Amino acid sequence: MSEYFSNIVSGLKSFTKGLQLTMQHFNNRKKLVATLQYPHEKWPIPERNIGFELEEYNVIRSRLEVDIEDCIGCLKCERACPVDCIKIETIKPPKGGDFDCGVTTNGTQKKMLVPRFSIDMTECMFCNLCVFPCPEECIYMVGGPNSSKHEIEYEFAARERSPLIFEFAVATEKEIIAAGGIDYLNKKKGIVPDEKPKEVKSTLKKTEPKLNFEAVNAFTDRMTRALAKKAFTAGARAGSDAATVATQVKSALVDADKFLPEYESIIENIASSPLMTSAGPTTELKAKPASGPDIKLLNSITDKMVRGTAKKAFMAAKRAGKDGAGISDDIKKALTDAGKLTDEVIAILKSFSVPGNSEVSNESSVASAPDIKKLNSIEDKMVRGLAKKSFMAAKRAKSSAADTVAHILKDLKEADKLTADLEDIVKSIVPDTVDATPAPKTEFNLDIKKLNSIEDKMVRGLAKKSFMAAKRAKNSAADTVTNILNDLKEADKLTPDLEIIVKSIAPDTVAATQAPKTEFNLDIKKLNLIEDKMIRGMAKKAFMAAKRAASTPEETVAQIEAVLKENDKLIDEVQTTVKSLLENES
Amino acid sequence: MDNLTSYLIISAILFVLGLYAVMTRRNGIAILMGIELILNSASLNFVAFNRFGGMTKLDGHVFSIFIICLAAAEAVVALAIIINLFKNLESVNVDHASSMKG
Amino acid sequence: MSGFWQATMDLITSYGSLISLAGLAIFGVMAVNALVAVYFERKVSAFMQDRLGPMEVGIFGFKGGRKFWGGIGQTLADALKLLTKEDVLPDKSDKALMILSPFIIFVGAFVTFVGVPFSSYLLISRFDIGIFFILAMSSVGVVGIILAGWGSNNKWSLYGSLRSAAQIISYEIPAGLSILLVVITAGTLSIHGIVEWQAEHRWFIFHSPFAFIAFFIYFISGVAETNRTPFDIPEAESELVAGWMTEFSGFRWALFFLSEYANMLIISLLASVVFLGGWLSPMAMFDIFPESWMIMDGALWGMFWLLLKAIILIFVMMWFRWTFPRLRVDQLMYLCWKVLLPFSLVNLVAVSIWELLF
Amino acid sequence: MSMSELVFIFIAALTISSAFWVVFSNNLIYSAVALLFTLFGVAGLYVFLFADFIAATQVMVYVGGILVLIIFGVMLTNQISESTVTQTNRPRLLAGVIAFIIFLMVAYISLTTQWHEGTVQTAEKTTTVIGDMILNEYLLPFEAVSLVLLAALLGSALLSRKQHG
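Chains as they are written, first to last, in the numbering used here: chain A, -12 to 573; chain B, 16 to 117; chain C, 58 to 415; chain D, 339 to 503.
Pulled out of the complex, with its shape left as it was, chain A reads as follows (with noise of 0.2 Å):
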């Protein structure tokens, strides 16, 4: 009962206790209120440092920007989404074409055209994998390390979708026509463009010459050099001298606190230099007219019928030697005859009667280029590398082939290491030169695989060492067989078996005086009869060799049976077994 009562009791002291706490709070409510008014009153943006000391790991991901200038349409951006948010579109302008996509700041001369790219920032996770790979850090993440570039942006809610569908391309129609990208637009809009690409052209070519980024480029410190290069680029743009620029970049390192003594060297090194590359061979295909019309253009035709005809007339054309018009005549003609001439497709042709064919000079000018695969033959891990730095150091240069060649030939001899093989790898890499010997390498078609089926391996190694020698000393075939030969017999390991093998590569020597390979018809299966596993292993091998050797089916079973006799194995029945071999033949 008593409980009963106090439970009562401490019930209502209980009661008036929580009234008199809410009752406080609804009185000082203009004290305590916290709440923030959201869309008219905002939190202050913390600094954002969750402790790492290097700054550009303290990233705010909030929204990708796209600096949309230094793009170089790489797509590794977008391989690297891994949903798929980012979606770009290149066009690479027609080789030799006027049309220059400009240079980063980073000084990369871009090479293609960016019409589109779109990030989707509902699909976007923030994952930050995009901002990595771009090698022009072209693309990041807003706010915070990098704010200098675009301040913080944390709202974007919007009604629709399309407003988050971020486009920071900015590419004209023009730009991309000029670019080439005609049938980019064309499938884009389902339209043709009215406008002569060719007229565009001659307005929108870019006349900023290169930079020279060479000094620039010597900063080891990432950072650095972009900071550098953004001094650099606008100095140089400014059109400032050598001299001035290198103080602005001076300043530029010192005003961010990145300077250091050894630098001095760099600066000098930039206020010397030329703040323009020469006329490199860029700058001479560039000069070159465009390239000749492209089938793909056709593409654009919708009808397949139409589209069909004119391809065929366009093939036609172009195999007989004719120019952009003389093409376009042509697919017009057609298209009168079978009655399909319609605006749309003379609109297209109309792009074609682009006059000239540079085929021909791009195909010379890849040609002249020098090949840093052919570098690869080297066996000598050291020297390849070697000649490779200097190939690579020689084309920074812009040397011309010959010079390049040179150039790698004075490396490898001042580090000793140059001998007649590898004088010889190095003059091949230039086209040119190789085209002066070539009846050599195309009649050195020996087949070293041929040497496998020597079974033991120290005997396999030596002649495939010699082979290689004779390949490298450009001997002919007959030449090389000696050569193995001889360096077998020298080691004493000639057995009349290797002969056969050996005298199997040069196809000129051996195979010629037999039977065509197409005769060699005996049916290996026939061996399966014999039941010995053993015998029927040398049997097969021994028959695999004979086959590989092109012997005659009688010296084939002459050889089968010596191996199997040199290792008692000869039983009557598998004499007769592989006698059968014959006489199926016959």
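Just so you know, not all the hints are guaranteed correct.
Between beta-carbon pairs, the in silico distance windows are [claimed, not checked]: (1) C/L75 x B/T20: 26 to 34 Å; (2) B/K72 x D/A482: 41 to 49 Å; (3) A/S105 x C/F160: 50 to 58 Å; (4) A/Q96 x C/V114: 57 to 65 Å; (5) C/K152 x D/T451: 46 to 54 Å.
Straight-line distance between alpha carbons at most 20 Å, and here's what the computed PhoX-like set of lysine-lysine pairs gives [unchecked claim]: (6) D/K500 x B/K102; (7) A/K0 x C/K395; (8) A/K79 x A/K63.
For the record, the hints were derived by calculation from the structure and aren't laboratory data. Model, not experiment: these values are computed from the prediction. Heads up, the beta-carbon is just placed ideally off N, CA and C, and yes, glycines get one too.
Following the hints, complete the assembly by docking chains B, C and D onto the known chain A.
For chains B, C and D alone, coordinates are given in the frame of chain A:
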């Protein structure tokens, strides 16, 4: 319209309906509803007679109050029985409650 | 039968306007009450939780300001939303009951207002049994609640409705007994009689210590009858989704809402009429104010005082809501049957003795 | 016809039709809902008989108490699987005939009997008169009823509690 006979007829209809429900329905609760109808008709009769019978006092009203009180008591007890029936037989069909038969 | 139609026409021409006017008045009171009370409730709850409450849908151009009246159009917008919402009837539900039950509950609250006064002259009908009528009619809603829960064919709804019915019926007893105490003392069931008694003597709450206790018992029971926190187990969100209202939407849900806030107003009005002197001015009651202030009486001032008292009581209800946690079912029943009921019974006996002695 | 007669007809029709529904509906819940309207109709008839206190009591006790109890009973005594609760009627024809005969009898008696009709009573203050009568003339039945109520309360509590053992 507003005379004794009309009230008597209404209460007769209610009574007969209640009687019919008690006779035909096998669900205990439905029977209870019929009983409520019968009690209502009786109560209505009392009040009607009180008004039109030349009474000086409100005896009919007092009887009506007693009827309502008894109806409440009856309903409570009846529902308690029906719920017990349901607990034991898993059914409220009054025909199933026949185990007291000899 | 021509007489029938003649009578119908007579009815419509002679009484129709009067009846519909009364009905419209009651409906208007209920609607305005719901609109204002919802806004009031939101603001009170916000302030008690150190928030600001609705601030955006203003009609006075206070958008975003830190003014109290910001967001005054919020409930209007909510009402529009409710009226334009799709009216969903679940496939397996008992559709007739689903349609009928909101109207039963609404009519229960609606009819109760017939007996509820707003001042000595401003009321629909002056009953001889005023308080009894109000108590009787306010118990009609229970049937609607049970039918709503049953018709929804949803276990949460059924639980909620059974809890609600049990709670309302249980708490009707202490509430009725507390009012019975006043009826014993004043010797009348009429609301006017009770207020006149208070005008002659004093406010009931100050009449005797038992009446003081009875006021609290009635008020607590009233809070429980309106299913408000801390007695909101019928619609305990954490257990029963929304109790018996779970399956209702749109206009039919709005009817629930209207009747719930109407019930709040009825409880508060009844408490202030019965215990707090009704439309009597507090000046006359305390007798310490100068004579010139006594003009604050009359029909309109009476309405002002009555509504002021009711609004204060409604505020206290909201204050309860944001102070106390929800009771368990057993605690709820314990409070009713083991605390409030014995106290009100003892009160009843004690007040009879008190009346005999003094 | 006056307005009051019109309203009377409406209330009487409501009462009787919903009473029919109570009896003939196969869905127990619908029966209970119809009973609600019947009880309200009877309360309306009480109002017509100038018995306002009885009308209020009718609503309070029947609607607020007994009807709720009945609906509770329906819900507690069924294996709830859907919202309709059906039940069966047995000897319909016989019961109908018997009921109809009784109705004819009662109606005949009510219509033909010359009832003692005095002045129509229009008591203004029913509550005071009823209170007086209960505590004077009808004190013993009043106490008896209170005892019956107490017994019913205890008895039903005893019946419906859980049996131990």
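Consistency of the hints with the structure:
Taken as a hint, the range 26 to 34 Å holds for the pair C/L75 and B/T20, whose Cβ atoms sit roughly 31 Å apart. At roughly 20 Å, the beta-carbon separation of B/K72 and D/A482 lies outside the given 41 to 49 Å, and the hint is violated. The given range of 50 to 58 Å is respected by A/S105 and C/F160, whose C-beta atoms sit roughly 56 Å from each other. Under the hint 57 to 65 Å, the C-beta atoms of A/Q96 and C/V114, about 58 Å apart, fit the expected range.
Taking the beta carbon of each, C/K152 and D/T451 are about 47 Å apart, inside 46 to 54 Å as hinted. A distance of roughly 10 Å separates the Cα atoms of D/K500 and B/K102; the hinted pair therefore holds under the 20 Å criterion. For a cut-off of 20 Å, the pair hint linking A/K0 to C/K395 stands: about 19 Å separates their Cα positions. Taking the CA atoms of A/K79 and A/K63, the gap is about 16 Å. The hint holds against a cut of 20 Å.
Comparing the model with each numbered hint stated earlier shows that hint 2 is the single one that does not hold.
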